[in-house]
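J.: In the numbering used here, the protein residues as written are 1 to 382.
No lab work stands behind these hints, which were simulated from the structure alone.
Don't take each hint at face value.
To be verified - Label pairs and their in silico Cβ distance ranges:
1. Ala61 to Asp297: 34 to 40 angstroms
2. Gly246 to Arg332: 24 to 30 angstroms
3. Ala61 to Pro166: 44 to 50 angstroms
4. Pro79 to Thr251: 26 to 32 angstroms
Ideal Cβ positions, reconstructed from N, Cα and C, are used throughout, including at glycine.
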Amino acid sequence: MSRDPGTPRLLRRLNDRAALELLLGDGPLTRAELGERTGLSKVTAGQLLARLEERGLVEVAGERAGGRGPHAALYAVVPSSAYVAGLEVLPESLTVGVADITGRVVVEITVNPSDGRDPVKAVHAAVQRACDAASVSLSQLRAFVIGTRGVVDPATGDVRISVDLPAWHVGVLASLRETLGASVTIENDVNLVALAEHRYGAAVGHDDFVVVWAGVGQGLGVMLGGRLHRGITGGAGEIGWLPVPGEPLPTDVARPQTGSFQRLVGHDALRGLADERGVSGHTVPDLVRGGDEGYLDAVAARLALGAAAVTVVLDPGLIVLSGDIGRAGGERLAAKVQEAVARVCPSRPTVVTTTVAGNPVLRGALVAALEQAREQVFSDTV
1 MSRDPGTPRL LRRLNDRAAL ELLLGDGPLT RAELGERTGL SKVTAGQLLA
51 RLEERGLVEV AGERAGGRGP HAALYAVVPS SAYVAGLEVL PESLTVGVAD
101 ITGRVVVEIT VNPSDGRDPV KAVHAAVQRA CDAASVSLSQ LRAFVIGTRG
151 VVDPATGDVR ISVDLPAWHV GVLASLRETL GASVTIENDV NLVALAEHRY
201 GAAVGHDDFV VVWAGVGQGL GVMLGGRLHR GITGGAGEIG WLPVPGEPLP
251 TDVARPQTGS FQRLVGHDAL RGLADERGVS GHTVPDLVRG GDEGYLDAVA
301 ARLALGAAAV TVVLDPGLIV LSGDIGRAGG ERLAAKVQEA VARVCPSRPT
351 VVTTTVAGNP VLRGALVAAL EQAREQVFSD TV
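Model the full structure from these sequences, guided by the hints.
T.: Encoded structure:
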């Protein structure tokens, strides 16, 4: 019987990947601990660690005192073995974060794009500035993920529609890859927020949930079975266009801020609602944060129309409120939305507020970039 010559190599690669993931999640670990958790013998675990150490992926990071014998070496993933970049692109700003392969953010900067008409030039300059601040070379970046408000075509990876960023059009992705490398990915910003909630926030441990982004624009991030649902054309989650009772339908979908749900829960609408009720505040988040019970009930009733529509179609079980309005309302607003949804639909999802710290779009971009980079780096060890 002949043996597949690729099998031992494949097994080594799979063992290496499992060991690296364990070291990232539970490390540092000794050789014996790694062997126990992977099911490998001490000899095989030792060979694996030697191989990864030789490739510059693993290093001795300390010692663990044992019994009467010598201390055991602790092994950890080398943070500088690879880096990634995550970006959030807005009309007035461009934020870049650089993280090492362990996920530690080494630098985060926000710049004003000097030339918004040339997104490739703006992104390259911002990434270079971030790398300089982190003392990391561009060649060390293994993945770039860019979050944008636009609709991204899943088939091509290009921005299909971007009202706020007209320069981000079909062809920009190819130009970015020519400048920064083939590992550049563009993703819808609220989809990235869903990744951040799944990894770090209110949706940890939940593989079926939605993020309702309530802010200047309205968006929906959908996670089903632990995977983002983007739709055939990338348009899944454009909840601002949801038709709602009492609001006119848009006559021109090319115009921003004209969707029925957007008209109901956008900043202008909630400011008008505050004026009607005599609620004061400098900004809409301030109005929501400091509003009385009546005002918050009215805001929750409006948000619940969108949440209920999503619930009767997807039945996600968990709805996470995010965006500046979701954050400002906190658990108080989330509880009111949950009550309002339960009154109008048979399913009763749990509604919570986001718990992702910092910039959720940027954190989600780094989650996606790290997944890509680890797939590259950890799958090429033998």
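J.: Take the hints in turn and mark each one as holding or not.
T.: Now the hints, each set against the structure:
1. One distance hint, 34 to 40 angstroms for the beta-carbon pair Ala61 and Asp297, is violated here, with the actual separation near 53 angstroms.
2. Remark: the range hint 24 to 30 angstroms for Gly246 to Arg332 is upheld by a beta-carbon distance near 26 angstroms.
3. For Ala61 and Pro166, the Cβ-Cβ distance of about 49 angstroms falls inside the hinted range of 44 to 50 angstroms, so the restraint holds.
4. Pro79 and Thr251 have their C-beta atoms about 54 angstroms apart, which leaves the hinted 26 to 32 angstroms range violated.
Hint compliance for this structure: hints 1, 4 are not met, and every other hint is.
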